[in-house]
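Chemist: Given chain A, work out where chain B should sit, using these hints.
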Amino acid sequence: MNALDRLHKALQRLPQHRAVLGDEVLATILAVLELERERLSSPTPAGDLSRTATALVADMVNFTQLSARLDAEDITNLVNQLWLHLDGIIAAHEGTVAKHVGDAVIALWGLADQAPAQAAAQAVQAALALQEATAHFRPAGLQDDMPPVQIRVGISTGAVALSAFGLREEFNALGEAVNTAARLQHAAPPGGIFLAVDTYQHVRHLPEKQFTLRAEALQGASGERLHAYQIHRRSPA
Amino acid sequence: MTALPFSPETLEQAIAALEAHRATLGDEVVTTALGPLRRQLAALRVAPNQREATQRRTITVLFASVTDFEARSRGRDAARLLAEMDALWARLDPMVLARGGLVDKHVGGTLMALWGASTTGEDDAEQAVKAALAMLDEVNWRDPSYSLQVGLNTGPALLSAVGSRGEFTAMGDTVNVAARLSQTAGADQVLMTHETYRQVRGMFDVQALAPLALKGKHQPVPVYDVLRAKPLALQLGARGVEGVETRLVGREAELTHLQATFRATLDHSQTQAVTVVGEAGLGKSRLLYEFTIWLDLLPNAVNYLKGRATHHTEFAPYALLRDVFTFRFDIRESDAAPVVRRKIEQGFAPFFADPAAPTAHLMRAHFIGQMLGFNFADSPHLAGVRDDTRQIRSRALYYLAHYFRALSADAPTLLYLEDIHWADTPSLEAVRHVLKECPGLRLMVVALARPTLFERNLPWAQWAGQVPHTQLHLPPLSAAASRALATNILQRATTLPTDLLDLVVARAEGNPFYIEELIKMLMDDGIITRQRSGLSETWQVQAERLAELRVPATLAGLLQARLDRLRPSERSALQRASVMGRVFWDAAVYALEPDNPPETDPWPALMQKEMVYHRQNAAFADTREFIFKHTVLRDVTYESVLRRERRIYHQRAAQWLVHMCATNPHHADEYTVLIASHYEQAGESEAAARYFAHAATRAMRLSAFAEALRFFQRAADLHPTHDMALVLHQAEAWAALADFAAARQAAEQVWQLAPTETLRVNALAMLGDIATATGDYLGAGRYYTEALTAAHDLEMPTLLARVLYGLGDIHWRLGNNETAEQFLNQSLHIAQQTHDVHRTLYVLNRLGTLQTDHERAARLYNEVYTTATRVGNRERAMVALNNLGDIAIETGDFQQALALYLQALPNAREIGAQASAALYELNAGYAYVRLGQLAAAAPYVHAGTQRACTVGAWPWAVWGLICFGHMALAQGQTQRGLALLGLARNHAAFSTDFDRLIDYALHEWRVDPATARHGMAAGASLPFEATLDDVLQTYAPLASA
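If you're matching them up, the sequences are chains A and B in order.
Taking this note's numbering, the leading residue of the first sequence gets 3, the next gets one more, and so forth.
Taking this note's numbering, the leading residue of the second sequence gets 24, the next gets one more, and so forth.
Hints were generated in silico from the structure; no laboratory data involved.
Check the hints yourself; a few may be wrong.
[Said to hold, decoys possible] In silico EDC-like links for lysine to aspartate or glutamate, alpha-carbon gap of 20 Å or less:
#1 A/Lys11 x B/Glu42
#2 B/Lys543 x B/Glu51
#3 B/Lys632 x B/Glu616
#4 B/Lys238 x A/Asp73
#5 B/Lys543 x B/Asp658
#6 A/Lys11 x A/Glu40
#7 B/Lys240 x A/Glu40
#8 B/Lys238 x A/Glu40
#9 B/Lys652 x B/Glu593
#10 B/Lys329 x B/Glu368
#11 B/Lys632 x B/Asp587
#12 A/Lys11 x B/Asp211
#13 B/Lys543 x B/Glu567
#14 B/Lys652 x B/Glu668
#15 B/Lys543 x B/Glu532
#16 A/Lys11 x B/Glu567
#17 B/Lys240 x A/Asp73
#18 B/Lys652 x B/Asp609
#19 B/Lys240 x B/Asp548
#20 B/Lys240 x B/Asp228
#21 B/Lys543 x B/Asp525
#22 B/Lys240 x A/Asp147
#23 B/Lys652 x B/Asp624
#24 B/Lys366 x B/Asp319
[To be verified] Computed far set for chain A versus chain B, every beta-carbon distance over 12 Å:
#25 His19
#26 Val34
#27 Ala131
#28 Ala135
#29 Gly193
[To be verified] Quick look at which bits of chain A chain B covers, simulated, 3 or more residues with Cβ under 8 Å:
#30 7-18
#31 26-33
#32 83-94
#33 101-110
The C-beta atom is built at its ideal place from N, Cα and C for all residues, glycine as well.
The shape of chain A in the complex, shown without the other chains (with noise of 0.2 Å):
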């Protein structure tokens, strides 16, 4: 039986006992599952399908440190400042955020109708200009001794699934190119920016005069070996 079926059988059952529970109780929870049933019954939101996209996960470098040292309030409000600051480049370029974590954002680009290919090499100019932003922000309530804001970036393109779940109707994504993404991102140098291979492919053909892309051999969290590739915006000659 599935959870409609029960949801009938409750919804019949219930009036039964009406003088158990009393007529408001009863009507609360009457009102209570016909919303729900309404909800089930509508065709599935966001189809639960895996398709192939980019992942980004970028991750302030020293929010430990700083967390430590301002008060919850001044981090909180930096934090925010940076992600309202942040989150706007990602949907200039047509990315997707999917949640904040802490001190982390993770975006996804290859929801909509781009090609593959196009995505990673949005999510990679992206990610320059994350890194480029960064490193001219300034928030309020960062004292002059405390060392300047910087972030990690890890981008990984492959399936992920997504759903959008629970009651606050939370944007869930899932797949190995998110986890590699954050593997990525945490093997980062500060300020950097790693690619995954399978980014990589798809924007090893881009214009060389606008970045320069370096191999570099990771061990992985369970000590494989991780291919990436860090990638530079090339300084203006």
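Modeler: Chain B in isolation, oriented as in the chain A frame:
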């Protein structure tokens, strides 16, 4: 999710009703309906926060991660993985929601949940730990291929919407630590920090692990592994300080009342009821515990039944009575339904046995069980009435009364009902029924409640009044009892600084729970440290760190829960009030939000809820003055105010006070420090510094020199001053406190840097005074002479009088009495012409010391004393007393002299005049010497000399040496005495009027001139400081005796 027309209360009632009737409705229907209801409830709980935007709160954070999530997901199809995870969250989220938590987010294989994010429950941490254990069970049972690892932490955090998507979440160190803990945990492990542990102590079996080093933390964090929940019967409340047994303090009368009531129950077979009412933490449970111990020591066996209501069960019918029988029959959460039914049948059976009807006991147990919500739906005894809830209820109540009759026939019976301010109404109605039906039993009902019981629309007093019923109101502990309790808890402390006791007693304000929590906090923060050696343990107190005392999270949570129950308008009024301080004015609170006047008067409700008290005689006209009931409540409320708002509020508070003081001139000075502090909190350092300087100047006028210096220092810290007039004031304060080095440095700074000649001349005079006080009379003469010319040229009569006095003073000290008198008379003339009372007092005094005729001198001193007392100048008054004492010495009335010196001494100590205090101590000692009471003299002479050395008042150190010399002569140590006198006479700070005293000593102890000359010459070459040290050492034991 769309906003729905339900209130949280309606949903809570619906959920409670479903839970209560699970037996009748069936598991499947109830489970199906509960999910959507709980989600709606959670959505409602989130909504207000998103409206109110950012909040500071104390929360409990849970991170639950799927172990090895990344490795597990490698190579898996993303869509299937996602479906699997969504299914897992769909099962785990309800475990959070059902326990009052909020699911914050899911990231990959991790779930983040919060307790206390929208409303704080007193048992947030307990619920979070239970949720963690439930999740582990769920995963182990349903998906053995998965395992979870959980991290929990409790503490302050900031809640706000973040990023462009506006996700509502918590941020801060508290969250980071919980996340790291979940990463550190092993599979199937629940780890919590000490802050969480503190809140759930006694409720779970835990194992303390080695402290963990966490990124971003300087010190390793103490961590506990949660093994399992303790069986109900073994659970202890998280009260008390670990490993310390305390006796009952300050509740003896209440205990006696309970004992007497129990005796009355027994003696007259008369059912009795007692309701103990008191705020959280005032010791209701402790009283019950002590009563139970007393009962246990009685020869007769006693039947106990006890149940506790919680704020989760207020709307759950019969939850309280269910708890009573859960405890009585040892029913466990893990018991399967058939086991529960068997325990109920067996528990009731002995009291329902009826030979005529062999199954009657089962039938009765089933009715009671069914009413209480245990599932007896399939019982054959209920077959005919299953849907007739009214009949089930009335028959169950009838059997319940029967049960109590049988039980109390077996042994005296006690029914404890704890926290009935949260009790569900049907349970209390059932208790009323039992009392009404059973007035003549050996049954005693003890109910515990907070005063919020009376806010409920529930006539408990009337219900309990079916039988003789008394209400005991627990007041806060007296200061003496608080002190006794704190001392008792701190019994292992090797030394107990008064500061510590004062602090704890003052902060706790009579609440024993607060006392315990504050002491625990001091231990957690390392201000009290424990040392074990073998089986014994001692505690050390680091008194210098006492200022760091924080509000413990346990108290913060308790009070936050109360704040959360206020209406938004009441809460925001209280928050603004907390910015004003412990004492505040309604008009000030409104002035903090001028654009947002309150729609209704929030204060009557806040007074009724005992958050604030009204104070008579408000300081400002047309305002009402209030005070927070408790300083900790003020602190917790203040902590919930956002920092960016605090700044604005503090600024407006300062402005309001400035305005009020301007219109109420008699308060002009009183609130200077408060205004300064508000400006400081508002970040307006310059204004703050100005007001602190103002406060310091005012303190100078009141001769409160130490206070003045503290304010000067705060002003300087906020905003370095270049105002040389202030620096000169500071110099004056230091000189008065006998910190002559600092005084000299400041005065020299003014002399060199002051922009006006007037200030520079004043600085010169000050340097002269300092030189005099340190015995450098020649240097003083140079400063005064230079100042004299300038004061003439600048036509500054006040300064002129002062400098002339200074010159007279040093000439008197150097023995040039005629010159001295000339200067002094000039000074007196100018001072009297310019009505300079201050100077007049000084001159009259000094002229008095110049008189050889005692009567004339005494007249002058008496004039000084009267005038000084009239104008409130304690400093001059004490000088006059001292000089009158000197005359009494001269005239041989040593008893009178002693009395006068001892009258002057407390004044000197009070105004912090160290050098004068030293002098009066020495003088009192000398009076004892002259009275022949050497033993009484020693402590005074010792203390005075020591004090004079410490502050560098060398003339008085020399005087101390003379006194010691005198004492040595009196004890027959002639050479020693002479050496000391010789050394004194040779010192630069020796003043000629000491000669008379030396001559007197030599005469008194009949030292012949030749011996005296030799002995004193020998002493003259001794090293001064070393000899002084030696004398102080020698007399130390005598002094302390």
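Chemist: Each hint: holds or not?
Modeler: Each hint, compared with the structure:
1. Between A/Lys11 and B/Glu42 the CA atoms are separated by roughly 18 Å; this keeps the pair inside 20 Å, and the hint holds.
2. Using a Cα cut-off of 20 Å, the hinted pair B/Lys543 and B/Glu51 is violated, with the two alpha carbons roughly 47 Å apart.
3. A C-alpha spacing of about 23 Å is found between B/Lys632 and B/Glu616, which places the hinted pair above 20 Å, so the restraint is violated.
4. With a C-alpha separation of about 17 Å, the suggested pair B/Lys238 and A/Asp73 falls inside the 20 Å cut-off, and the hint holds.
5. Proposed proximity of B/Lys543 and B/Asp658 is supported: the alpha carbons are some 18 Å apart, at most 20 Å.
6. Only pairs whose Cα atoms come within 20 Å are accepted, and A/Lys11 paired with A/Glu40 is accepted, the gap being roughly 15 Å.
7. Straight-line distance between C-alpha atoms of B/Lys240 and A/Glu40 comes to about 49 Å, which puts the hinted pair past the 20 Å bound.
8. For the hint pairing B/Lys238 with A/Glu40, the CA-to-CA distance comes to about 47 Å; that exceeds 20 Å, so the pair is violated.
9. At most 20 Å may separate the alpha-carbon atoms for a hinted pair to count; B/Lys652 and B/Glu593 meet this at roughly 15 Å.
10. With a C-alpha separation of about 19 Å, the suggested pairing of B/Lys329 with B/Glu368 holds against the 20 Å cut-off.
11. Only pairs whose Cα atoms come within 20 Å are accepted, and B/Lys632 paired with B/Asp587 is accepted, the gap being roughly 13 Å.
12. Our distance criterion of 20 Å between C-alpha atoms is broken by A/Lys11 and B/Asp211, whose separation comes to about 36 Å.
13. Distance restraint check for B/Lys543 and B/Glu567: the Cα-Cα separation of roughly 17 Å lies within the 20 Å cut-off, and the hinted pair is therefore satisfied.
14. Of the supplied pair hints, the one linking B/Lys652 and B/Glu668 is violated, its CA atoms being roughly 23 Å apart against a limit of 20 Å.
15. For the suggested pair B/Lys543 and B/Glu532, the alpha carbons sit about 16 Å apart, so the restraint of at most 20 Å is met.
16. For the hint pairing A/Lys11 with B/Glu567, the CA-to-CA distance comes to about 69 Å; that exceeds 20 Å, so the pair is violated.
17. Restraint check for B/Lys240 and A/Asp73: the C-alpha separation of about 15 Å stays at or below 20 Å, so the hint holds.
18. About 15 Å separates the Cα atoms of B/Lys652 and B/Asp609, which keeps this hinted pair within 20 Å; it holds.
19. Of the pairs offered as hints, the one joining B/Lys240 and B/Asp548 holds, with about 15 Å between alpha carbons and a cut-off of 20 Å not exceeded.
20. At most 20 Å may separate the alpha-carbon atoms for a hinted pair to count; B/Lys240 and B/Asp228 exceed this at roughly 27 Å.
21. Of the pairs offered as hints, the one joining B/Lys543 and B/Asp525 holds, with about 16 Å between alpha carbons and a cut-off of 20 Å not exceeded.
22. For the hint linking B/Lys240 to A/Asp147, the alpha-carbon distance of about 19 Å falls within 20 Å, and the restraint holds.
23. Pair hint B/Lys652 plus B/Asp624 holds up; C-alpha atoms about 18 Å apart against a cutoff of 20 Å.
24. At roughly 25 Å between alpha-carbon atoms, B/Lys366 and B/Asp319 are farther apart than 20 Å, so this suggested pair is violated.
25. The claim that A/His19 lies off the interface is violated: its Cβ sits roughly 6 Å from the closest Cβ of chain B, which falls inside the 12 Å cut-off.
26. The claim that A/Val34 lies off the interface is violated: its Cβ sits roughly 5 Å from the closest Cβ of chain B, which falls inside the 12 Å cut-off.
27. At the 12 Å boundary, the C-beta of A/Ala131 stays outside the reach of chain B, the nearest C-beta of that chain being 15 Å off.
28. With 12 Å as the threshold on Cβ separation, the claim that A/Ala135 sits away from chain B holds: the shortest Cβ distance comes to roughly 14 Å.
29. For A/Gly193, the condition that its CB be more than 12 Å from all CB atoms of chain B holds, with the nearest at approximately 20 Å.
30. Here's how the stretch 7-18 of chain A fares: 6 of its residues keep a CB closer than 8 Å to some CB of chain B, so the rule of at least three is met and the hint holds.
31. Coverage of the stretch 26-33 of chain A by chain B holds. Counting CB-CB distances below 8 Å, 5 residues qualify, and the rule asks for three or more.
32. Proximity of the stretch 83-94 of chain A to chain B, defined as three or more residues with a beta carbon under 8 Å from a beta carbon of that chain, is established by the 5 residues found.
33. Look at the stretch 101-110 of chain A against chain B: 6 of its residues bring a Cβ nearer than 8 Å to a Cβ of that chain, three or more, so the hint holds.
When the structure is compared with the earlier hints, violations turn up for hints 2, 3, 7, 8, 12, 14, 16, 20, 24, 25, 26 and for no others.
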